[in-house]
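First to last, the protein sequences are chains A and B.
If you count the first sequence from 1, position 93 lands on 93 in the UniProt record's numbering, and the numbers rise without skipping.
If you count the second sequence from 1, position 425 lands on 425 in the UniProt record's numbering, and the numbers rise without skipping.
Warning: the hint list may mix true and false statements.
[Stated by the list, open to error] Partner residues aside, some chain B positions facing chain A, computed with beta carbon under 10 angstroms:
#, residue
1, V162
2, A167
3, I170
4, L176
5, V179
6, M376
7, F379
8, L382
9, A384
10, V399
11, L449
12, R450
13, S474
[Claimed, not checked] Derived coverage of chain A by chain B (criterion: at least 3 residues anywhere in the stretch with Cβ under 8 angstroms from a Cβ of chain B; other residues may be distant):
#, region
14, 11-23
15, 52-66
16, 85-94
17, 113-124
18, 150-156
[To be verified] To spell it out: a stretch of chain B is covered by chain A in this simulated footprint if at least three of its residues, at any positions, have a beta carbon under 8 angstroms from a beta carbon of chain A; those stretches are:
#, region
19, 185-193
20, 386-398
21, 406-413
Just so you know, these hints were derived from the structure itself, not from any lab.
For each residue, glycine too, the CB sits at the ideal point set by N, CA and C.
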Amino acid sequence: MVQQKKDIWSGFFSLILGLAVLIASFGIDKTRLAGVGPEYLPKAVGIYISILSLILISNSLYELNIKKTKEKKDKDEGPLEVRTFVASVILLISYIFLLKVLGFIIMSAVFLFGEMYILAPRNHRNILLFLILSTGLPTAVYFLFVNVFNLLLPAGILG
Amino acid sequence: MLLTGILAVLNIKTLLLIFIGVSIGIIFGAIPGMTATMAVALCLPITFGLQPINGISLLLGLYIGGISGGLITAILLKIPGTPASIATTFDGHPMAAKGEAGKALGIGIVYSFLGGLISILILIFVSPPLARIALKFSSYDYFSITVFALTMIASLSQGSLVKGLIAGGIGVGFSLVGVAPLDGYPRFTFGVHVLDGGFGLLPLLIGLYAVGEILKNSERKGKAITKDEIADYRIRGFGFSPKEFAQQTINWIRSSLIGTGIGILPGIGGSTSNIVAYITAKNQSRHPEKFGTGIMDGIVASESANNASVGGALVPLLTLGIPGDTVTAMLLGGLMIHGIRPGPLLFTTNGYIVYSIFAALIVANVAMLILEFFGMRGFVRLLAIPRHILFSIIMMLCVVGAYAANNRMFDVICLLVFGLAGYLLMKLKFPLPPVVLGFILGPIAELNLRRGLQLSDGSYLPFIQKPISIIFLSVALVSLIVSIRNNFKETKMLSEQNGGEGSVTN
C-alpha cells in the first residue's frame, strides 16, 4: 500500500480517538478554582487531535490525487506471517490472565515454550533446548527476584 | 558534597552494578531490534530494591552501554544495532570489508569513550549554574518550557510532522486518565477505581517499546545471524597510530559538541546526532570523496556524537526535571521511585546525588571502554542467539517488570494494552517517542498552566509578560513554523520530482 493510503487510515484512526476524547470530556464537571478546570486539557487534546487528523487525511488525499501514485509494495523483509502474530498475541493474553491463578513459574514455562515454538522457523525447532530453557529460566528469575531483589511475583498454586 | 557524592559510587557493589549495567546495555545495543530504552525499562524494577545511588548507577551504565553497543553490529554486520549508530555503518563496514574490522572497532570504542567524556564534562560544568538560574523559574516559565519541549519532540521526530504532532497529543491523552492535578477530579476513570492513579510510566514504556516491538517482530520469521555473516576481526592495540589520533582532534571535538548540543534539545538524541555529525565532518573535510569508502573520519564523527548525546540529554533532566528522550524519561521514573525529584532543587537539597550521578557516568564510560575492548568476542558470540529465544525471554521479563513495580495485575494488563497500542501505532507509522514524552510532559504542562492561572486569577497575560516564558513560547512557535515550511517544501519538491509517474513511499 502506498504511504498516502496508509496515512488516510492513520488519520481516521486518530480522528476517532480525538473525537472520543472530546466527547468523553464533556462529562467532566466544570467545578473550578481560579483559571481553568479539569475539563480544559481533555477538551483541548480532543480538539487538537481531531483537527490534526483532518489535516492528515486531507493532505494524504491531496497528495494521492496529484501524484496518481501507482501501487507499490512495502520493501519489508520476508512475507507477513499472520498466523504467527495472532498465535503469539493469544498466547500473551492467556499468559497474563492466567498468571495470578497458576503462578509465575508455571505460566512462564508454558509461555516461553509456546512462544519459542511459534516464533522459531520450522527447521530451528529444537524441542529439547526449548524445554530446558522454558523450565530453567522462569525458576531462576523467580528465585532471583524474590530472594535477591526482594520483589514479589505471583506464586499461584505452587505458593 | 562533591566528595560524598563521588565516594558513594566508589565501592565494590556500586562499581560492580555499573559494570553489569554497561555489559547488559552493550548487549541490548548490539542486537538489532533491542535498544537502550528497552534495556533501561526492563532493568528499572530491579533498581527498586537497591539503594538510590546503586539503582541510578545501574541505569546510567545501561544507558551508556546501550548507546555504544550499536557500533559492534554496525561495523561487523552493516546493521546498526541501534539508530544511534546508523552513520557508523557508512565507513565502519567498508573498513571491515577491507580486512580492517579490528581497527574500525578500536576507533569506534575509543571515540565513543572520548565523545562521552567531553559531554560528561560539559554536563558537570553547565548544569550547576543552569540549575541556579532555573531555581528562579515560575509556573509560567515551566509551562512555556514544557510546551517548547513538546513541540520540539513532535516536530523533530522521524516521519511526517502532522503524525508526530498527533502522536504527542495521543501521549497527552494517555496521561489524562486518573485524577486531575490541583483539584483531584477523576477523569476518564469511568468509575473504575484502579484507574484513579492513572497509568504507570513503566507499563506504558515497556508496553509501547518492548512488547510492541516484539509483536511487530513476530509478524515475520526472523532468521538468526550466522557466524559467516560476521566479519572477521583482530584487535591489536587500538588499531590506529598517535599521528592518526592527532589528525582527528578537530573532528572529535566538533562531533562531540554537535552530539552534546543535539542531546540537550528535547526530542532528538543519539539517533539524529550521529548522522548530523557525519554529514558535518564530510562537508568540512578536505577529502569528502573518501567518505563512505572506509575512512577513520566517518567512524570518529558518528561514534563521538552519539555517545556525546548522553551527557547532553541529562542536562535538561537534572536541571529542569524535563526529560528530552525516552531513556531519560525512564531515568526520571527511576529517580522518582527513590523519592528523588530531578530539577533545580535537587542541586541544593540532594547535591551529593548529583555528584554521584556525575561520578557514575564517568565510571560507566570507562567501564564501556574496558568491556568493549576486552569483551568484544563475548558480545559478538551473543549475536548468534536466535531471535525466537531472545524475544520470548524478553517478553517474559516485560511481564516480570510490569508486575514487580507495584505487585498488581492491573499494571500487567496495562502492559498488554499498551503493547497492542504500540503495535497499532507502529503499523500506522506514528512515531513512538512523542507518545512517551507527551505522556510525561502533558501533566507537567497542565499543572503549571493551572497553577499559573490560579496565581494570576485566570489571566493569561503573565505567560507572555515573563521574559523566559515568552522566549520559550516564541522559539516553540518559530520552530513549529519552520518545520511546517520545510515539510511543505519537501512535499512540493517530491511531487515535482515524481511528476505523474513515480510514487513516494515512506
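Taking the hints in turn, this is what the structure says about them:
1. V162: The hint holds - V162(B) has a Cβ within 10 angstroms of chain A, the shortest such distance being about 5 angstroms.
2. A167: The hint holds - A167(B) has a Cβ within 10 angstroms of chain A, the shortest such distance being about 9 angstroms.
3. I170: holds (7 angstroms)
4. L176: At 5 angstroms from the nearest chain A Cβ, L176(B) passes the 10 angstroms test, so the hint holds.
5. V179: holds (9 angstroms)
6. M376: violated (26 angstroms)
7. F379: violated (21 angstroms)
8. L382: Nearest chain A Cβ about 15 angstroms off; hint violated.
9. A384: It is violated, given that the least Cβ distance between A384(B) and chain A is near 12 angstroms, above 10 angstroms.
10. V399: holds (7 angstroms)
11. L449: holds (7 angstroms)
12. R450: holds (6 angstroms)
13. S474: Cβ of S474(B) sits 20 angstroms from chain A, so the hint is violated.
14. 11-23: holds (count 5)
15. 52-66: As far as the region 52-66 of chain A goes, the hint holds, because 7 residues have Cβ atoms under 8 angstroms from chain B.
16. 85-94: holds (count 5)
17. 113-124: n = 7 at 8 angstroms, threshold three: holds.
18. 150-156: holds (count 5)
19. 185-193: holds (count 3)
20. 386-398: n = 10 at 8 angstroms, threshold three: holds.
21. 406-413: Held - the region 406-413 of chain B has 4 residues with a Cβ nearer than 8 angstroms to chain A, which meets the minimum of three.
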